[in-house]
Amino acid sequence: MAKSVWAASMSGLVLVASGVATLAADPLPPDVTHRPLPTQPFSVVKAKDEAQKSAIMNRQRALLARRYDLSDRPMRGIMMSGGRRAVQSGARVRLAKGMTWEALAAFSPSEIRRRGLLPEGFKPLPHVKQPTGGQVFPNREIRELIRQERRDLRRFDVDFDLPDHHTPEFPPPLFLTTHTELGDVSRGQLITIKNFYEIMNGLLTPVQMEGLRLLLTPFPQEEFNQTEDRKSADQSLGVACLDCHANFHTNAAFHLTPDVRPQAARFRLDTSSLRGLFNQQIHGSKRSIRSVEDFTEFEQRTAYFNGDHASAARKGVNLPDRANQVAMMAQMQSIVDFPPAPKLDPRGRLDPTLATQDELAGERLFMGKARCAECHVPQVAFMDNNMHDLKLERFYDVGATSNDFVMLPDGPIKTFTLRGIKDSPPYLHDGRLPTLADTVEFFNLVLGLKLTQQEKASLVAYMLAL
Amino acid sequence: MRILATLATLTTLILLARDAAAQGGNPAGMEPGTPANHPNTQDRLFVQLIAAGGHAEVSMAALAESRARSSRVKEFARAMARDHSKANKRLAALIEDRIQAPDGPDPEHRATRARLARLSGAQFDLAYMRAQLVDHQKAIQLLEWEINGGQNAQLRRHASETLLTVMHHLEMAQAIVAELTRTAPQGLAASSVTRRPVKTSAQHGRPPSIVHR
Chain A
1 MAKSVWAASM
11 SGLVLVASGV
21 ATLAADPLPP
31 DVTHRPLPTQ
41 PFSVVKAKDE
51 AQKSAIMNRQ
61 RALLARRYDL
71 SDRPMRGIMM
81 SGGRRAVQSG
91 ARVRLAKGMT
101 WEALAAFSPS
111 EIRRRGLLPE
121 GFKPLPHVKQ
131 PTGGQVFPNR
141 EIRELIRQER
151 RDLRRFDVDF
161 DLPDHHTPEF
171 PPPLFLTTHT
181 ELGDVSRGQL
191 ITIKNFYEIM
201 NGLLTPVQME
211 GLRLLLTPFP
221 QEEFNQTEDR
231 KSADQSLGVA
241 CLDCHANFHT
251 NAAFHLTPDV
261 RPQAARFRLD
271 TSSLRGLFNQ
281 QIHGSKRSIR
291 SVEDFTEFEQ
301 RTAYFNGDHA
311 SAARKGVNLP
321 DRANQVAMMA
331 QMQSIVDFPP
341 APKLDPRGRL
351 DPTLATQDEL
361 AGERLFMGKA
371 RCAECHVPQV
381 AFMDNNMHDL
391 KLERFYDVGA
401 TSNDFVMLPD
411 GPIKTFTLRG
421 IKDSPPYLHD
431 GRLPTLADTV
441 EFFNLVLGLK
451 LTQQEKASLV
461 AYMLAL
Chain B
1 MRILATLATL
11 TTLILLARDA
21 AAQGGNPAGM
31 EPGTPANHPN
41 TQDRLFVQLI
51 AAGGHAEVSM
61 AALAESRARS
71 SRVKEFARAM
81 ARDHSKANKR
91 LAALIEDRIQ
101 APDGPDPEHR
111 ATRARLARLS
121 GAQFDLAYMR
131 AQLVDHQKAI
141 QLLEWEINGG
151 QNAQLRRHAS
161 ETLLTVMHHL
171 EMAQAIVAEL
181 TRTAPQGLAA
191 SSVTRRPVKT
201 SAQHGRPPSI
211 VHR
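If you read the protein sequences in the order shown, they are chains A and B.
This note's numbering puts the first residue of the first sequence at 1, with every later residue one more than the last.
This note's numbering puts the first residue of the second sequence at 1, with every later residue one more than the last.
Everything labelled a hint here was simulated from the structure, so no lab data went into it.
You may find that some hints are simply not true.
Among the chain A residues that face chain B by a calculated CB cut under 7 Å, a handful are [stated by the list, open to error]:
#1 77
#2 79
#3 81
#4 83
#5 181
#6 182
#7 183
#8 184
#9 187
#10 202
#11 340
#12 342
Computed footprint of chain A on chain B, listed as stretches where at least three residues anywhere in the stretch have a Cβ under 8 Å from a Cβ of chain A [to be verified]:
#13 130-137
#14 166-176
#15 184-193
Now the in silico label distances, taken between C-beta atoms and shown as ranges [stated by the list, open to error]:
#16 B:103 - A:323: 45 to 53 Å
#17 A:261 - B:121: 54 to 62 Å
#18 A:294 - B:96: 52 to 60 Å
#19 B:127 - A:69: 29 to 37 Å
#20 B:160 - A:453: 54 to 62 Å
#21 B:78 - A:100: 50 to 58 Å
#22 A:379 - B:103: 50 to 58 Å
#23 B:62 - A:207: 39 to 47 Å
#24 B:182 - A:450: 30 to 38 Å
#25 B:182 - A:260: 38 to 46 Å
#26 B:48 - A:178: 26 to 34 Å
#27 A:100 - B:182: 27 to 35 Å
#28 A:207 - B:161: 27 to 35 Å
#29 A:143 - B:182: 23 to 31 Å
By construction, the Cβ of each residue, glycine as well, lies at the ideal position given by its N, Cα and C atoms.
Extracted from the complex, chain A is given alone in its bound form (with noise of 0.2 Å):
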């Protein structure tokens, strides 16, 4: 007896001494997870980004030549909604020399990963300056700011990297789920805190052009600020939600997921349209959040501080009250209606007195040998309000550097509605796909599909369709 009350004694003796040893090794780097104060002076910072700048976005234009064809090939006669801008044809992600998409089909994907064949833009896509990050806009929202509010979201040290023809109409209709007699509400214009009030002033109720005011309100973000820490020449007013969701839709503005670090890891987001957002029940590419009003209230530390607090705290982050304001901004976001798709009927299949028979073709191999609607439910707006790991690292060597990125498996990432889709490119999570020909080629290879030229053209009708 005595001798077991030793021994235990004398056991918890060895855990507490293996528990100071511990402690006394440093932890990693301080600024692994949070994001370090500034060290140097705003000028001498701009000056070296500015000196940077043209290499950083030439390296980033040979990496998107490389990557894929981006010439201007519109699809002859299939316009985006609003009519603005045309739909991009083919598949434009580049194979390597000789290869063909049918003979890389035939290979495993371990096969793949081996030799190395998986094409380059099927992977993760890089964001322009990868230890900064931030968000990066495309130049018609930077113009038509500009000219509206007199506020510049102009970046010293990075540049959009797209061109223009393969992101979204701008600007972009706006649909409304209370005015579907309307059509699109936006006159053709960008809806800023401007011209906001004008142009939907009865169309609103008043909590709901609140909550749009608020969407509109820019707030400090950290690279549009008034501190030292920020990317803009001028103190910044800061950024606002439409901003980057223009007219509740996207205008292919690019940042970094919040979710991730360290910082190399983390992947590109492209703008998520917020079309049809009262079907969505999850909120947020890696996240997951459960309600629209979560998502809203947390915003202003995620897309807007990279899921920093500390860094937030320190330049000015806005709390929108939840019980008032935040409710508002989800009551508006509630109410954006997808575009018209008229050949659908109310339960999203094809009408087949108005679908032609490539579209009908398209919609029963998205059914069946496709595999699309395990997910893409065309009852539930072609969403499945879950999460899923396609396990692209099956086919690549995880852990391979592109552009000072770190590309690290994916993780599940939330299913997007498919509705309206031909009005949101690029397409996947981080935007790596630049037509809806290459998702119909990563999913053939992903899944192992095995479609034939004709099927993919046909899936390819079949979601314009959409």
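Place chain B on chain A using the hints.
Frame of chain A, contents of chain B only:
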């Protein structure tokens, strides 16, 4: 005699009560000495806006009839000229002397017309039709506003009748814009599509075979 006087007082009270109910927040108030049966602020504003819009429609339709390239746009412009001239006349007949109605388009519409007058061909067609979309959307809001809160029963009835026509105009405009831009019809036009007979099935990259009925 006393009974008659009481009745008259009662009627006045009822009318006053109804006027009060019909006026929303922020009434501008009446000038001193305004007659008791003076039309309310809303009726006056409604007449002003709808009359100016009506004149603008006729004036822009005249421009479109001579300028448009597409026969469907010309046809639409003729319908606008016809329907809005008729509506303008009907409105003029309803207006009491005390309401001042404009006899031409307002400055905003004059500016739109001037902008359109600088365009031609397909550019004109699309710009005119897109301006028509916005004008008819606004007109619908205005008519619904008068139906809800106007005072003059005849004006409100006029608004109700006009609303159906304006909805139909909006649907026509949506269908034409869809055709001009090769997009799926929006709004009301989205729910009245019919299939155009197609000869071959394997046509990739062709426009969706949707026509407006």
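Hint check:
{"no.": "1", "hint": "77", "verdict": "holds, 4 Å"}
{"no.": "2", "hint": "79", "verdict": "holds, 5 Å"}
{"no.": "3", "hint": "81", "verdict": "holds, 6 Å"}
{"no.": "4", "hint": "83", "verdict": "holds, 2 Å"}
{"no.": "5", "hint": "181", "verdict": "holds, 5 Å"}
{"no.": "6", "hint": "182", "verdict": "holds, 5 Å"}
{"no.": "7", "hint": "183", "verdict": "holds, 3 Å"}
{"no.": "8", "hint": "184", "verdict": "holds, 6 Å"}
{"no.": "9", "hint": "187", "verdict": "holds, 5 Å"}
{"no.": "10", "hint": "202", "verdict": "holds, 4 Å"}
{"no.": "11", "hint": "340", "verdict": "holds, 4 Å"}
{"no.": "12", "hint": "342", "verdict": "holds, 5 Å"}
{"no.": "13", "hint": "130-137", "verdict": "holds (count 4)"}
{"no.": "14", "hint": "166-176", "verdict": "holds (count 3)"}
{"no.": "15", "hint": "184-193", "verdict": "holds (count 9)"}
{"no.": "16", "hint": "B:103 - A:323: 45 to 53 Å", "verdict": "holds, 52 Å"}
{"no.": "17", "hint": "A:261 - B:121: 54 to 62 Å", "verdict": "holds, 56 Å"}
{"no.": "18", "hint": "A:294 - B:96: 52 to 60 Å", "verdict": "holds, 56 Å"}
{"no.": "19", "hint": "B:127 - A:69: 29 to 37 Å", "verdict": "holds, 34 Å"}
{"no.": "20", "hint": "B:160 - A:453: 54 to 62 Å", "verdict": "holds, 57 Å"}
{"no.": "21", "hint": "B:78 - A:100: 50 to 58 Å", "verdict": "holds, 56 Å"}
{"no.": "22", "hint": "A:379 - B:103: 50 to 58 Å", "verdict": "holds, 55 Å"}
{"no.": "23", "hint": "B:62 - A:207: 39 to 47 Å", "verdict": "holds, 43 Å"}
{"no.": "24", "hint": "B:182 - A:450: 30 to 38 Å", "verdict": "holds, 34 Å"}
{"no.": "25", "hint": "B:182 - A:260: 38 to 46 Å", "verdict": "holds, 41 Å"}
{"no.": "26", "hint": "B:48 - A:178: 26 to 34 Å", "verdict": "holds, 28 Å"}
{"no.": "27", "hint": "A:100 - B:182: 27 to 35 Å", "verdict": "holds, 32 Å"}
{"no.": "28", "hint": "A:207 - B:161: 27 to 35 Å", "verdict": "holds, 32 Å"}
{"no.": "29", "hint": "A:143 - B:182: 23 to 31 Å", "verdict": "holds, 26 Å"}
The structure fails none of the hints (numbered hints given earlier).
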